[in-house]
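Following the hints, position chain B against chain A.
As given, the protein sequences belong to chains A and B, one line each in that order.
Mapping the first sequence onto this note's numbering, position 313 (from 1) lands on 313, and the numbers just tick up by one.
Mapping the second sequence onto this note's numbering, position 102 (from 1) lands on 102, and the numbers just tick up by one.
Check the hints yourself; a few may be wrong.
It does not matter which identical chain is meant; a pair holds if it fits inside one copy or across any two.
To be verified - EDC-like, lysine to aspartate or glutamate: derived pairs with alpha carbons at most 20 Å apart:
1) Lys88 x Asp284
2) Lys214 x Asp25
3) Lys143 x Asp59
4) Lys214 x Asp231
5) Lys212 x Glu229
6) Lys179 x Glu96
7) Lys236 x Glu216
8) Lys179 x Glu196
9) Lys36 x Asp48
10) Lys36 x Asp53
11) Lys98 x Glu137
12) Lys179 x Asp59
13) Lys214 x Glu136
14) Lys236 x Glu160
If you are wondering where the hints come from, they were derived from the structure by calculation, not from laboratory data.
Number of protein chains: 2
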Amino acid sequence: MTRIVRLVIAFAVLIAAGTAIAQSDPLPSWNEHAAKGRIVAFVRAVTDPAGKDYVPPGDRIAVFDNDGALWSEQPAYFQLLFAIDRVKALAPKHPEWKTTQPFKAVFEGDMKALAASGEKGLLQLIMATHAGNTPEEFQATVKGWLATARHPRFKRPYTELVYQPMLELLAYLRASGFKTYIVSGGGIEFVRAWSEAVYGIPPEQVVGSSIKTKYEVRGGMPTLVRLAEIDFIDDKAGKPVGIHRHIGRRPIAAFGNSDGDFQMLEWVTAGPGARFGLILHHDDAEREYGYDRKSHIGRLERGLDEGAAARLDHRQHETRLAHGLPAGQPLTPPPRVERPSS
Amino acid sequence: MTRIVRLVIAFAVLIAAGTAIAQSDPLPSWNEHAAKGRIVAFVRAVTDPAGKDYVPPGDRIAVFDNDGALWSEQPAYFQLLFAIDRVKALAPKHPEWKTTQPFKAVFEGDMKALAASGEKGLLQLIMATHAGNTPEEFQATVKGWLATARHPRFKRPYTELVYQPMLELLAYLRASGFKTYIVSGGGIEFVRAWSEAVYGIPPEQVVGSSIKTKYEVRGGMPTLVRLAEIDFIDDKAGKPVGIHRHIGRRPIAAFGNSDGDFQMLEWVTAGPGARFGLILHHDDAEREYGYDRKSHIGRLERGLDEGAAARLDHRQHETRLAHGLPAGQPLTPPPRVERPSS
Chain A
1 MTRIVRLVIA
11 FAVLIAAGTA
21 IAQSDPLPSW
31 NEHAAKGRIV
41 AFVRAVTDPA
51 GKDYVPPGDR
61 IAVFDNDGAL
71 WSEQPAYFQL
81 LFAIDRVKAL
91 APKHPEWKTT
101 QPFKAVFEGD
111 MKALAASGEK
121 GLLQLIMATH
131 AGNTPEEFQA
141 TVKGWLATAR
151 HPRFKRPYTE
161 LVYQPMLELL
171 AYLRASGFKT
181 YIVSGGGIEF
191 VRAWSEAVYG
201 IPPEQVVGSS
211 IKTKYEVRGG
221 MPTLVRLAEI
231 DFIDDKAGKP
241 VGIHRHIGRR
251 PIAAFGNSDG
261 DFQMLEWVTA
271 GPGARFGLIL
281 HHDDAEREYG
291 YDRKSHIGRL
301 ERGLDEGAAA
311 RLDHRQHETR
321 LAHGLPAGQP
331 LTPPPRVERP
341 SS
Chain B
1 MTRIVRLVIA
11 FAVLIAAGTA
21 IAQSDPLPSW
31 NEHAAKGRIV
41 AFVRAVTDPA
51 GKDYVPPGDR
61 IAVFDNDGAL
71 WSEQPAYFQL
81 LFAIDRVKAL
91 APKHPEWKTT
101 QPFKAVFEGD
111 MKALAASGEK
121 GLLQLIMATH
131 AGNTPEEFQA
141 TVKGWLATAR
151 HPRFKRPYTE
161 LVYQPMLELL
171 AYLRASGFKT
181 YIVSGGGIEF
191 VRAWSEAVYG
201 IPPEQVVGSS
211 IKTKYEVRGG
221 MPTLVRLAEI
231 DFIDDKAGKP
241 VGIHRHIGRR
251 PIAAFGNSDG
261 DFQMLEWVTA
271 GPGARFGLIL
281 HHDDAEREYG
291 YDRKSHIGRL
301 ERGLDEGAAA
311 RLDHRQHETR
321 LAHGLPAGQP
331 LTPPPRVERP
341 SS
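Only chain A is shown next, with the shape it has when bound in the complex (with noise of 0.2 Å):
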């Protein structure tokens, strides 16, 4: 039977990456008690050979988030910041941008005109500066600007802005034989150029929203060009989606922090066996940010609301099972809805 274990726990601490981990406590910076105890208690439950929940290595795949969940997504998604950088990068070469929206908003700092522009003006943002290289000269590109550019409220790179405990979770399950990925909403090839140096995660175990790309043999020399072109938005539906494309089995565990990752949470926590589900709430607004459900980036409020109906909701589906009733049909009484972390 299916144990759901779904928490929203309060977050904290922005500090750079690269701390050793004690091998006394796998998770030091976690102030959070309760959210530790249970990871710790999922990860011995999975990793116990002798114990019922036990989980073959092959099996233990954890997916994260990677906006608001690994790195911080405030005052803006740090992506919307490269581009907006290219764009002034790009000027010279594009005169006609001085007098177009969204371009002209960049030049002129206007974000609420920017903001006006909608989905239509990021996207034309986005294809201005991430399509027509290949994928190495594009990655050249990101990591260029991640040497250079420097958040605008705490003056560092952009990759010292990972949240410690998250590092410190990444380290954790792979040393307890877990497959680590990034299931982010943001450019799959935007995240490659950097996970595995920022993160140790290698870029076949990034999952993210890609442009097409295109096959051709120029000069003599083979190789892919990406084009101006949606070929998947790996956000909200999308996350389900883009995981089974790219892994091909249901992860045992996710993390997320916005409603953008309610699908990955609600897909993952439902499958069969141990599973473990964990929404991070940025509720620090003094060390880092606070915000949830009137924030216009990274909003939690289905989470915050429905988590625990989610939860409710698939219990009920197996006790039906077990019962052999139809699906739909209410039970009395309900099953609980709290139980104790295994």
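Relative to chain A, chain B alone:
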């Protein structure tokens, strides 16, 4: 400077999986000693930390075509034989198929009419037998079929019609720190159903053609549903695209057998550093099948005619780069095409 070792090898021996690999000889079934020597020399070169061709383990990625490269593809693609058997199994639910092509042709065993239905007919067969289920349901169907279906000539399960030399090669590469991937024109979900059991290749290391999937919550249970709509064709110029999508870096070795693998071989062997490309030539009609230029399945024509020329092109390009010449400019004299293996 790149060393491209591209060879067309005489190919052999059809035996079941599972033979242990002798420590002294990693490729005991290979009777083509020149090819075997080049493989071993390549593997030694990229794994020698002191050598100029050393490749760190993370970049040791090898890609294998499946049909005709890892298992047989004669007298027809095994996945087509699966679709035909499924049409027969599903017939009672589809009385309309008795009078509609291409289904009528299947019931009447009329391979000529089936062939005449062309790509459109083939697609109808695939959609009718592959879509409308969850990935778990589809994989269970494939496994059930493999457990009972027998090859028309060899009267053995299809999963035993794998090439022993290639199983040895997969094991040898993995023992040398390579990650091995399948890159198939066949369906990704079809191959994932058995690739780990037969080749030791897990689902996340299978790249293939796919139909779209959709995420939905059915009767309270989150699930993925396979749709009757093409998502991606992983063949010819699609292979480099599929590899990039899944892996995100260029493999250093590729193994194929037909012109469907041409672009994959071309792209992989044109990368910088030590590279290895191999084309299996099916020339043993007695023990397996003999076919190449004129085969309706697994045609090998461009590979035989242009392999050496493509190799020349890339080497010219590199020489051009080394001399600071523009792409496309002919070199005088051209570089030697032949080169001793490393």
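Status of each hint after checking the structure:
| no. | hint | result |
| --- | --- | --- |
| 1 | Lys88 x Asp284 | neither (33 Å within a copy, 62 Å between copies) |
| 2 | Lys214 x Asp25 | neither (47 Å within a copy, 41 Å between copies) |
| 3 | Lys143 x Asp59 | between (33 Å within a copy, 19 Å between copies) |
| 4 | Lys214 x Asp231 | both (11 Å within a copy, 15 Å between copies) |
| 5 | Lys212 x Glu229 | both (6 Å within a copy, 18 Å between copies) |
| 6 | Lys179 x Glu96 | neither (47 Å within a copy, 47 Å between copies) |
| 7 | Lys236 x Glu216 | between (33 Å within a copy, 11 Å between copies) |
| 8 | Lys179 x Glu196 | both (13 Å within a copy, 16 Å between copies) |
| 9 | Lys36 x Asp48 | within (18 Å within a copy, 43 Å between copies) |
| 10 | Lys36 x Asp53 | within (19 Å within a copy, 45 Å between copies) |
| 11 | Lys98 x Glu137 | neither (26 Å within a copy, 55 Å between copies) |
| 12 | Lys179 x Asp59 | both (9 Å within a copy, 17 Å between copies) |
| 13 | Lys214 x Glu136 | within (14 Å within a copy, 31 Å between copies) |
| 14 | Lys236 x Glu160 | neither (27 Å within a copy, 41 Å between copies) |
Of the numbered hints stated above, those contradicted by the structure are hints 1, 2, 6, 11, 14, listed in ascending order.
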